[in-house]
Amino acid sequence: MSPSGGPDANVPQAIAGPSGFLDDRLGAGNFLKRNLRKVFPDHWSFLLGEIALYSFIILLLTGTFLTFFFKPSMEHVIYDGAYEPLKGVGMSAAYASSLEISFDVRGGLLMRQMHHWAALLFVAGMMVHMLRVFFTGAYRKPRELNWLIGVLLLTLALAEGLTGYSLPDDLLSGAGLRITEGVAISLPLVGTWITFFLFGGEYPGEDVISRFYSLHILLIPGILLALISAHMILMWVQKHTQMPGKGRTNNNVVGAPFYPAFMAKAGAYFMFTFGVIALLGTFAQINPIWIFGPYTPADISAGSQPDFYMGFLEGALRLMPSWEINFLGFTLPMSVLIPALVPMGIIMTGLAVYPFAERWITGDNREHHVVDRPRNNPHRTSIGISAITFYGVLWLLGANDEISWVFKVSLNWTTYIGRVLIFVAPVIAYIVTYRICLGLQRKDAAIIGHGVESGVIKRLPHGEYIEVHVPPSADIEAHMRGKEPVPVLTGADTEPGGIPPKGMRGPIGKLKARMSTAYGGEKIPLDDGHHDGHHDGHGDEHAAVGAGGDDKSITR
Amino acid sequence: MNRITARRRHPLARYAVLLLTLGLLGVAYTLAAPTSERADAAIASGRADDVAEGKKLFEQSCASCHGLNAEGIANRGPSLVGVGAASVDFQVSSGRMPLAQLGAQAPRKKPAPWVNEDTIRQLGAYVQSLGGGPTVPTQEMVDPAKGDKSKGGQLFRANCIQCHNFVGSGGALTQGKYAPPLHDATPRQIYEAMVTGPQAMPVFNDSIITPEQKRDMIAYIVGVREEPNPGGAGLGRIGPVTEGLVAWIVGISLLALAAIWITAKRRQAQ
Amino acid sequence: MTDNKHDIEQPEERVPRRVIGTPAPAASTSLLGPDETPGELSVAGVDLQDEKTAKKGEKLAALCFTITFLAGIAFVVSYVVFQVGDLESTQTSTLALGGSLTLALLALASGLVVWVRMVMPKYKLIQERHAMASDRETRSYVGETFLQGAAESGITKRPLLRRTLLAAAAPLGLAPLVLLRDLGPSYTNFDEKLRHTVWGEKTKEGKPRRLVVEGSGAPIRAADFNSPGGILSVVPEGYEHDLNALAKATLILIKFRPDEIKSGTNVNWTHDGIVAYSKICTHVGCPAALYEQTTHHILCPCHQSTFDAADGAKVIFGPAARPLPQLPIAVDDEGYLVATADFAVPVGPSFWERGDAEAEVIEKGGQS
Numbered sequence: 001m002s003p004s005g006g007p008d009a010n011v012p013q014a015i016a017g018p019s020g021f022l023d024d025r026l027g028a029g030n031f032l033k034r035n036l037r038k039v040f041p042d043h044w045s046f047l048l049g050e051i052a053l054y055s056f057i058i059l060l061l062t063g064t065f066l067t068f069f070f071k072p073s074m075e076h077v078i079y080d081g082a083y084e085p086l087k088g089v090g091m092s093a094a095y096a097s098s099l100e101i102s103f104d105v106r107g108g109l110l111m112r113q114m115h116h117w118a119a120l121l122f123v124a125g126m127m128v129h130m131l132r133v134f135f136t137g138a139y140r141k142p143r144e145l146n147w148l149i150g151v152l153l154l155t156l157a158l159a160e161g162l163t164g165y166s167l168p169d170d171l172l173s174g175a176g177l178r179i180t181e182g183v184a185i186s187l188p189l190v191g192t193w194i195t196f197f198l199f200g201g202e203y204p205g206e207d208v209i210s211r212f213y214s215l216h217i218l219l220i221p222g223i224l225l226a227l228i229s230a231h232m233i234l235m236w237v238q239k240h241t242q243m244p245g246k247g248r249t250n251n252n253v254v255g256a257p258f259y260p261a262f263m264a265k266a267g268a269y270f271m272f273t274f275g276v277i278a279l280l281g282t283f284a285q286i287n288p289i290w291i292f293g294p295y296t297p298a299d300i301s302a303g304s305q306p307d308f309y310m311g312f313l314e315g316a317l318r319l320m321p322s323w324e325i326n327f328l329g330f331t332l333p334m335s336v337l338i339p340a341l342v343p344m345g346i347i348m349t350g351l352a353v354y355p356f357a358e359r360w361i362t363g364d365n366r367e368h369h370v371v372d373r374p375r376n377n378p379h380r381t382s383i384g385i386s387a388i389t390f391y392g393v394l395w396l397l398g399a400n401d402e403i404s405w406v407f408k409v410s411l412n413w414t415t416y417i418g419r420v421l422i423f424v425a426p427v428i429a430y431i432v433t434y435r436i437c438l439g440l441q442r443k444d445a446a447i448i449g450h451g452v453e454s455g456v457i458k459r460l461p462h463g464e465y466i467e468v469h470v471p472p473s474a475d476i477e478a479h480m481r482g483k484e485p486v487p488v489l490t491g492a493d494t495e496p497g498g499i500p501p502k503g504m505r506g507p508i509g510k511l512k513a514r515m516s517t518a519y520g521g522e523k524i525p526l527d528d529g530h531h532d533g534h535h536d537g538h539g540d541e542h543a544a545v546g547a548g549g550d551d552k553s554i555t556r
Numbered sequence: 001m002n003r004i005t006a007r008r009r010h011p012l013a014r015y016a017v018l019l020l021t022l023g024l025l026g027v028a029y030t031l032a033a034p035t036s037e038r039a040d041a042a043i044a045s046g047r048a049d050d051v052a053e054g055k056k057l058f059e060q061s062c063a064s065c066h067g068l069n070a071e072g073i074a075n076r077g078p079s080l081v082g083v084g085a086a087s088v089d090f091q092v093s094s095g096r097m098p099l100a101q102l103g104a105q106a107p108r109k110k111p112a113p114w115v116n117e118d119t120i121r122q123l124g125a126y127v128q129s130l131g132g133g134p135t136v137p138t139q140e141m142v143d144p145a146k147g148d149k150s151k152g153g154q155l156f157r158a159n160c161i162q163c164h165n166f167v168g169s170g171g172a173l174t175q176g177k178y179a180p181p182l183h184d185a186t187p188r189q190i191y192e193a194m195v196t197g198p199q200a201m202p203v204f205n206d207s208i209i210t211p212e213q214k215r216d217m218i219a220y221i222v223g224v225r226e227e228p229n230p231g232g233a234g235l236g237r238i239g240p241v242t243e244g245l246v247a248w249i250v251g252i253s254l255l256a257l258a259a260i261w262i263t264a265k266r267r268q269a270q
Numbered sequence: 001m002t003d004n005k006h007d008i009e010q011p012e013e014r015v016p017r018r019v020i021g022t023p024a025p026a027a028s029t030s031l032l033g034p035d036e037t038p039g040e041l042s043v044a045g046v047d048l049q050d051e052k053t054a055k056k057g058e059k060l061a062a063l064c065f066t067i068t069f070l071a072g073i074a075f076v077v078s079y080v081v082f083q084v085g086d087l088e089s090t091q092t093s094t095l096a097l098g099g100s101l102t103l104a105l106l107a108l109a110s111g112l113v114v115w116v117r118m119v120m121p122k123y124k125l126i127q128e129r130h131a132m133a134s135d136r137e138t139r140s141y142v143g144e145t146f147l148q149g150a151a152e153s154g155i156t157k158r159p160l161l162r163r164t165l166l167a168a169a170a171p172l173g174l175a176p177l178v179l180l181r182d183l184g185p186s187y188t189n190f191d192e193k194l195r196h197t198v199w200g201e202k203t204k205e206g207k208p209r210r211l212v213v214e215g216s217g218a219p220i221r222a223a224d225f226n227s228p229g230g231i232l233s234v235v236p237e238g239y240e241h242d243l244n245a246l247a248k249a250t251l252i253l254i255k256f257r258p259d260e261i262k263s264g265t266n267v268n269w270t271h272d273g274i275v276a277y278s279k280i281c282t283h284v285g286c287p288a289a290l291y292e293q294t295t296h297h298i299l300c301p302c303h304q305s306t307f308d309a310a311d312g313a314k315v316i317f318g319p320a321a322r323p324l325p326q327l328p329i330a331v332d333d334e335g336y337l338v339a340t341a342d343f344a345v346p347v348g349p350s351f352w353e354r355g356d357a358e359a360e361v362i363e364k365g366g367q368s
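Protein chains in written order, with my numbering: chain A, 1 to 556; chain B, 1 to 270; chain C, 1 to 368.
Be a bit skeptical, because a hint or two may be false.
[Claimed, not checked] Okay, the calculated beta carbon distance ranges per label pair:
no. : chain 1 : residue 1 : chain 2 : residue 2 : range
1   : A       : GLY17     : C       : PHE146    : 55 to 63 Å
2   : C       : LYS262    : A       : VAL190    : 37 to 45 Å
3   : C       : SER186    : A       : PHE21     : 57 to 65 Å
4   : A       : ASN365    : C       : LEU174    : 39 to 47 Å
5   : C       : ASP191    : B       : ALA74     : 15 to 23 Å
6   : B       : ALA74     : A       : LYS408    : 40 to 48 Å
7   : A       : GLN13     : C       : PHE146    : 41 to 49 Å
8   : C       : PRO171    : A       : GLY491    : 50 to 58 Å
9   : A       : VAL342    : B       : GLY234    : 32 to 40 Å
[Claimed, not checked] According to the in silico footprint, chain B covers these stretches of chain C (three or more CB under 8 Å from chain B):
no. : region
10  : 86 to 100
11  : 107 to 118
Simulated from the structure, these hints should not be mistaken for lab results. Nothing here was measured: the structure is a model prediction, and the numbers come from that model. Even glycine gets a Cβ: it sits at the ideal position worked out from N, Cα and C.
Take the sequences, apply the hints, and build the full model.
Below, the structure is given as structure tokens:
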């Protein structure tokens, strides 16, 4: 930008004027000079996090609309609104105003439904984004802090969802609130204090809706907004990771500039997210509170479920066999405490600790800007799939009554099977994933070493049939050659009897060394030795018939 | 003789027989249908041989499980003494009885071919004659138009939704049993289910939940199941499970497709 | 923070250097033609669209934006035209508003994508990355400056200043916590509250409290509740709409044939085969009320704890650890069911101070 007064020859006056005014006062030109053409790498999976970001914006917009009409009060009122089957029924003002939003405000039902769908997509978007980051190792140095912010965001999103779910004060959300209370009160030592303070006395009291309301519309969104901003700024400063590929190194970013291409893409994706949420809000009915009726702690419906992101906790509670410890006049309801705390603890702590644990085991202190393909770090991928399986079993069990009902399986058997699967399935998933990863690595090695099967069968002069292999396209080859071996601690592979380096001598050190050699290392090297990279005729054409021995080299 | 045998073995013979049988059945049915109308008229005029007719029907279709005198057979069918005509009407008109096979629970199905208003009434009269019990409600007692939906809704939420779900979509019980959906149940069947407590369902007798209150509940059930879904597709109206599935399968998939479209490499003109 | 001087690689020559991987741009020579508009970039990694594609893209995008324009107008019109007030009109209004909004947004999104893909150039820009860490000199400079500043401020040298500042902060930091005290109730004998329900209180007239039908509020004559296999959701008379009371005092009333009741049930607390259990599940407090009259199972729909109603509501499946407490009932002189006393043990979910209340009751010679 030109200094004050001197208009740039090429910039039209309409832009130069205001921008000059701003730059004179903010010096924004320097920032824009550096950032207007900031390069963003292109890959579809890099947009998944934006689902969550844009859903959040839509949540803020629709949520603000809802607050104009919602009354966060548990005052008892007699309904006299548009929905006939509830006329004359006593209910809380919160529920009555939710009904009013649905039936007496134009677009109110649409906004309510879009808010709820956006909430589901907010959490779902965070989850798929997190899985992308995990499986590609994009959390590695220097991005561990942003990963931690992400874990925090996910936790807060669950809390935000829980508080919002309870606000309409209908019979379904009340069941969720009751379970929350039942879990909170079972906490040792502080349980009764927490619940009596949360509810302002005995459950359900008359305070919880207004308290959840201020948490839901002010405190938690405020923190979310701050953390999301920090998340974005860190991403901006650190630059996005990129997939391995042609011309892409750990020291560059290849892609499209922020202005105009990435901006337009991001704008388009915002509109897509908004559009899909509007689509769902229009054509798929969500949380029809009018058929649930007002909350009373005396009633409940079959099939009372939480929203999907709480399903894994519900499943854990259902899975647990009964167990309660009484000692010295105190009670530890283990069949509440374990399912409520342990799976959540395993998942969230595991997520938070993973980048640091991996760094500790691999000793990898380098910066990583080119991500891994999931197959190229098979243990990480297997751990991830194993965790998904663990979560998935709990999730399924959270809907076991619907599963039993729809698929005509005994309810009790779904639980028995779940109790076994929760331990067995993650192990199986681990082993299967690990094998699949190695298989895919072998496939890559075969393509690099021998080329791609062209489908062309050639008969040689002496009668032998071969299939012609052609070298992979340069892009794909570069993508595959982006593979790096998983690092191993130096000295971790010391022979028994040898002297291991410092830090690997004690029991913890030995464990660390053993884990390091197991986790890291190169299982299937890409180049198989007898192929020098110059495609010299023989390298391109591998005998398909009668010369299978050649292929063995890639499967060792 | 030879000619007949040859024709009998003609490849088309079996189809001809089939057609003939079907035709005869059709004729029999058309003959039978007006008969039942005539019977209706006879009943309306108060003929009282229902019990005897019912006993015959019972011996043909029910006695194999419930015993010749409806005293019940262990592990096959319970005693029907005292269950009343309401129970018969509910079980037979909803196709639950006669049972096709033993299972955790008798499912609703198409009623048996011999089932019609008359045969149900005759069977009912017979069972009623064995030891009394709840009788079939009148049309007036189950008329949804005469009930109060909001009062019925409160009772429905207090007593029914724990098994049948918010709007009667049904739900699972223990060991393979289930509370069936109420979508197809007629007002009369709903009433009869309440007073008789079929299968695992508990009884809500008339002295505790009065007939008027039952009619209110019927008004609510029928009203709510017929009302439109103002927010789009109802997703089975069973709550967050289907909503979560839609969020993932429709929402996330559409957005992933959009992301793929936005970032897809364009074919480069060489 | 690292400095952000990552300039885009821009080679000197006008003719774009072929970036690895991109094909030789066939159209690039024409870019040098005389009709090239000034200011248009022609640099490495920026591969302009050929005019034919761009024209097509322009038309397509314009079509999309026009659809958005029309759908936006349709939205406003729908708002004015379609009123709400009952289910049918809400359905129509939602469909019209949501349909036009969806169309507008998706068309806008598609238009933008078409614009990016068909009109904007193909980009393959390369930008350098720099290590996140600052260089050694910067680090040591910052370190020194920090220490120097601390020394200048006197915080390290003057302990009185430091300690009084810390002391000053402590009570202020506690202040918000103190303010949270009144979130809770004035009393703190929480477990006492949890041990009692309104069934233990007599009515204003000093009579035992009647059981009334939930939803209608009618008292229950024992002689009327006479069909074995019957069940009823019951609330305390006078507290039909008091949610705090209902959260602990709601009952399920079950009628048995006398021979069906097993030893786990306290028959002294029943009346003529009528048994009253707390409806509040002992797991986390959902109303457990799915009753199967054939098996006498009570199932909680939340986490599927199953209780045997005929046998003192003992747990036979699921996560609940304790039976549903039984309420002692009898009939008053008019034949209506009443509670003769409160539950012997706390109802609902377990809590830390609860202890093994069942064992205590048995120790005192009672039956829980």
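Do the hints match the structure? See the list:
Checked against the hint of 55 to 63 Å, the pair A/GLY17 and C/PHE146 fails, with Cβ atoms roughly 43 Å apart. Between C/LYS262 and A/VAL190 the beta carbons are some 39 Å apart, a value that agrees with the proposed interval 37 to 45 Å. Take C/SER186 and A/PHE21: their Cβ atoms lie about 60 Å apart, and the range 57 to 65 Å holds. Taking 39 to 47 Å as the suggested C-beta distance range, the pair A/ASN365 and C/LEU174 conforms, at roughly 41 Å.
The hinted range of 15 to 23 Å is not satisfied by C/ASP191 and B/ALA74, whose Cβ atoms lie roughly 50 Å apart. A hinted range of 40 to 48 Å is violated for the C-beta pair B/ALA74 and A/LYS408, which are about 26 Å apart. Between A/GLN13 and C/PHE146, the C-beta spacing of about 48 Å keeps the proposed range 41 to 49 Å intact. The hinted window of 50 to 58 Å between C/PRO171 and A/GLY491 holds, with their beta carbons roughly 53 Å apart.
The hint said 32 to 40 Å for the Cβ distance between A/VAL342 and B/GLY234, and at roughly 36 Å that hint holds. Interface restraint, the region 86 to 100 of chain C with chain B: holds (7 residues with C-beta to C-beta distance below 8 Å; minimum three). Look at the region 107 to 118 of chain C against chain B: 4 of its residues bring a Cβ nearer than 8 Å to a Cβ of that chain, three or more, so the hint holds.
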